[in-house]
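Chemist: Let the hints inform the model, and build the full structure from the sequences given.
Heads up: the sequence lines are chains W, Z and L, in that order.
The letter at position 286 of the first sequence is residue 286 when you use our numbering, and the numbering goes up by one with no holes.
The letter at position 151 of the second sequence is residue 437 when you use our numbering, and the numbering goes up by one with no holes.
The letter at position 40 of the third sequence is residue 488 when you use our numbering, and the numbering goes up by one with no holes.
The hints are simulated quantities; they were obtained by calculation from the structure and are not laboratory data.
A quick note: this is a predicted structure, and the numbers were derived from the prediction, not measured.
Backbone N, C-alpha and C define an ideal beta-carbon position, used for all residues, glycine too.
Some hints here could point you the wrong way.
[To be verified] Per the computed footprint, the stretches of chain W lying under chain Z, defined by three or more beta-carbons under 8 Å from a beta-carbon of chain Z, are:
#1 1-12
#2 32-40
#3 48-59
#4 161-169
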Amino acid sequence: MYGEFDLTIPKTLQEAVKSLTAGGKRAVPLAGGTNVLVDVRSQRLAPERIVDLGRIGGLRGITVDGGRVTLGPRTTVSDLLASEEIAATAPALVESARVFAGQMVRNTATVAGNIACGSPAADLVPPLLALDAEVTLTGTTGSRTLALCDFYTGYKSDQRAPGELITAIGWPVPAKGSFGSFYKLARRKGDAITVVGVAVGLGLKGGRCVGVRIALGSVAPTPMRARKAEGLLEGEAPVPERIARAALAAAQECSPIDDVRATGEYRRKMVEVLVARLVNNAVQTG
Amino acid sequence: MSTEKTINLRVNGREETATIPPHRTLLEALRGLGHVDVKCGCEKGDCGACAVLVDGEAVDSCLTLAQSAEGREITTLQGLGTPEAPHPLQQSFAELGAAQCGYCTPGMIIASESLLRKNPAPSDEELRIALSGNLCRCTGYVKIFEAVQAAAAVMRQTGETK
Amino acid sequence: MTAHDTIQPNLRFSQVGKSLTRTDAPGKAMGRTPYAGDYVMPGMLHAKVLRADIASARLKRLDVSKARALPGVVCVLTAADMPDRTIATDIPGQTGRDRLKTEQQILIKERVRYFGEPLALIAAESADIAEKARRLIEFELEPIPGVYSPEEALAPGAPVVQGTDNVVSTHKIRKGDTDAGFAEADMIVENTYVTPFQEHAFLEPEAGLAWVDENEVITIRVCTQVIEHFRAVADAIGVPHNKVRIMGAMVGGGFGGKEDVTVETYLAILAQKTRRPVRLEFTREDSFVGHGNRHSMTLKYRTGVKRDGKITALDVQILADAGAYVYLSPYVLLYSAVNAPGPYRVENLNVHARAVATNNMFTSAFRGFGGLQAAAGYEQQMDEVANAISMDRLEFRRRNYLQTGDPISTGFVPPSAIWTEKCADLAWEALGDPTPSEGPVKIGRGIGAFQQSYGRLTFLHDTSEAWVGIEMDGTVTVRSGVTDIGAGQASSLAQIAAEILGVTLPNVTVYNSDSQVTPLAGTTTATRALYMTGNAARLAAEAVRERLAEVAAEKFGVDVAQIGMEFNRVFVTDDSAKGMTIADLVKLAASRGVHRSELAIFRAPFTDVLDPETGQGQAHPDYAYGAHAIEVAVDTETGEVKVLKSVAAHDVGQCINRAAVEGQIHGGVQNGLGYALTEEMLYKEGRLMTPSFSEYLMPTAMDMPPVESIILESRSGLGPFGSKGIGEPSMTPVPPAVANAIADAIGVRVFEMPITPERIWRALEAARG
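Modeler: What follows is the structure in structure tokens.
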């Protein structure tokens, strides 16, 4: 690989933030490296400084406390797969982790990195959106927490100020009896970029849908919540016509494009198919 | 600007020294030190040919900066076994025809070893998921699956995995 | 020649036919086998290639001054530094025929014809400096109108890429009377099938190291299927043939993609200019545009058929995309034409095949070599015709299969067994009980039978040499120029020599692929290595054995026919107490001055070219036959396909190494599934949009189904011990079997591969109206 950058490997978060802030827009944080180094090699990214976060202690790990799951930003995709807590509280996240790239990438790619890379096809993001996850950002002036669904501002752009890092990802443990699932439609089963990703989270209370969250990947400039579809189901009985209307709404509110993997037309149709399928599965499971 | 730095790398149990710029990947650094059993296939994490163990876990050495790997325990295929005392995976890959052109073999065995350290008795599905980041164009993976399961059985018997 | 269903029915082997550990396997599993890219030399330079980023353009400006000025840059070459240097894109042959006019500029002088065509070469003290220099070269390309499909290229007034009208090759096959045949038919079925470009996707990118040796020979250590390109390289750089030496290494996969010259010419020029060792390793992106891909083809099939299933006439029109340069297109196209009717009796046949130049990546050899595209055509068409006459797909095939002794399309009678029917029935049966369909997921099954040659075109007058010698301790050395591209080519020679000389496999060492030192053995292409070089090794080993056996016969006072040699011992067959070690026998022979080695040459049948108007005559030495059966599950809402079962049944003649045969079959299935389902080279005005393994998707471990191999041994082939070949045949029937299974599952056919989820969804949408 060739690139003209300096590399700093700070030992503390404060040093990292300082180094990134000083570097401004041309400074890039490095976690697992599975996106950043690919982009540097292909000259899509030409940083002057790379700040490797790998030596900062305490950034990796999964805690469940007080009805809340919290991930350290450097928690890897493999960490998610190995965690009993995640298996118990976030099955959709496990499903997406299982089909996330290949083993070596899963061993290094981090949750924060997947969120921060801003790819519409970032596979962990739809399940996290469906869990109503929040991200904590830390910069020179301190920390702030915002909803993941408010994090993205456009294609590959987000709320982070220069120097700010994602320092935690958290979500409330879903209520008992709620259901979560993720489906990745791709051109092959293993190690593929997603054509359409759909995550659904919902519960059933007295025969009605509650806490409905539907998140979509690869069908808009950023991973997105299908709010209209959610609204059509929230508080309603999940009868087939209702589910079909919600699925159609999800297909209408996304904005997929044509690329080498599929056309926008196909993607839109698949959103409808998969949203209906996942909601139906949830209802049948519940 | 990128300045060179002299670092120590611990490879297959031995300390080695390299003077390298920040952009040098672990793949390039290892090959530069003569560890050419680490193969370059795509340089972007799509093929797995360059996999090495870093602190016991398989990573793509093409997606790791060498300076970042300083002080970590790095194991390449040659570090797993010698011709006199081959690792069970090396033995089974050779005997069961799991290596054809052999170019994916180093990464494939490293990924398999990384799996077996965590999961000594993987199901077929678990094995396929674990090897999905290692492309092979010769074998259709069939004999690779056989070889990994055969080695896993040997390792369970001899207690090489716990 | 009469055809044989079996020959040598009662052979007993000690080494051949077993799943022995290949001689190359331990080194590969230990990570100790050096590949071409692993070699370094003191004072070595690092090379890079600068490539054009527009497919059809004129070079307006190329300024390398900044690159040349960069400290550490030793050499930057452009076309201006090598006026009129071209590289032949034909195959080396012994025919004495004129070369096709297919030469390509080594570096672009004026006109760019494909995306990625090389503009400049850089050699520097380090790879970093070379890369920095590459980025400092300034160039300006002025786009000129191009053509991006054969149809565009054939349109009146289309821009000309090659020749006068873009048609680079035409082949015709005419047999019987198709007009009468169609008139006789109860039904005529016409369909057009489209097959895609395909990338070889070997894991090892092209790499090599060149230096000038003590004999002033430019020596190139390189991964290649064909060391005999040393002649083409010598011609290109203007030195005598014996001043270029190509040394192979264990090749990290070939599949036809390392059949043409890749890095060799660049390395030779740079070593010649700098007189220093030079290393060049393609990046994966280089590799995608650094060797020819598989021809995309459009195959139009028109079949006349009687209600009883008899095919009365077949007309096949084939249009192949040759890309920007000719390379092996005429030969690939010939394979398509010869194999157009497949393993079926067609008395009234008309095939018209054309290869057309475009501004896409040039296309050349790839496992199956045109025969594979034809199979995608004829086997899908066989299903469509069976459906049209409402006959069971297997029964319709049974009524038309070629049988041993039948002539193929060119009128030639293959000398070996034709066991297609047996293979197809066994493969189909092995699918077992059908998996039930569930909800939107529908199950379907498909069969693909095939005909695929082994051995090169007979008008190329192919030969192969091997040397076998036995040492005083009973160990054996084989020397042969054959390249080993991962299928166990070298190990097979060892197994053959071991069998004949009565030693065990670990006692044989093979030295291969060195154009100055090992006897020239020809190419590792065309499923020919076992047939050609295996026979050469067999002849050499037999000659040595005969001389040793005479010594033993004299020693034991018996007839030579009574001498057995097995497991490192020589003995009298009906009195095994009489015997000694092979080592002692060799020492005895040596003390008598007996010649302990032999250099042998094997010659394939030599023929003239096929009749240019009728295509009648002999094209290949012989053909392999077999079939593949597939079961798939198709999600009719999303179009996703899961391959559930895959059964291969092949008559391989005789296994040399059973595990290696199985390995070839498994790999052929992976190649074929990718071709049918996931692998797609997308071009946009000639620009490759899928230049990486994250965009170009070959099947992963999660995509492969279980594969069952049914291996039949007719022992009727032309290779050693009656072997045929399995390298290409293993892949050929897979794509149509998959396509037929999908069509069976969903009730409509997707006529274009790869059969992606979206294409399936669209076909279903169209059918749903």
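Chemist: Each hint: holds or not?
Modeler: Hints, one by one, checked against the model:
1. Only residues whose beta carbon comes within less than 8 Å of a beta carbon in chain Z count, and the stretch 1-12 of chain W has 8; three or more means the coverage holds.
2. Check on the stretch 32-40 of chain W: 6 of its residues sit with their Cβ under 8 Å from a Cβ of chain Z, so the three-residue criterion for coverage holds.
3. Counting residues of the stretch 48-59 of chain W whose C-beta lies closer than 8 Å to any C-beta of chain Z gives 3; at least three are required, and the coverage claim holds.
4. Coverage of the stretch 161-169 of chain W by chain Z is violated in this model, with 0 residues showing a Cβ closer than 8 Å to a Cβ of that chain against a need of three.
The structure fails hint 4 only (numbered hints given earlier).
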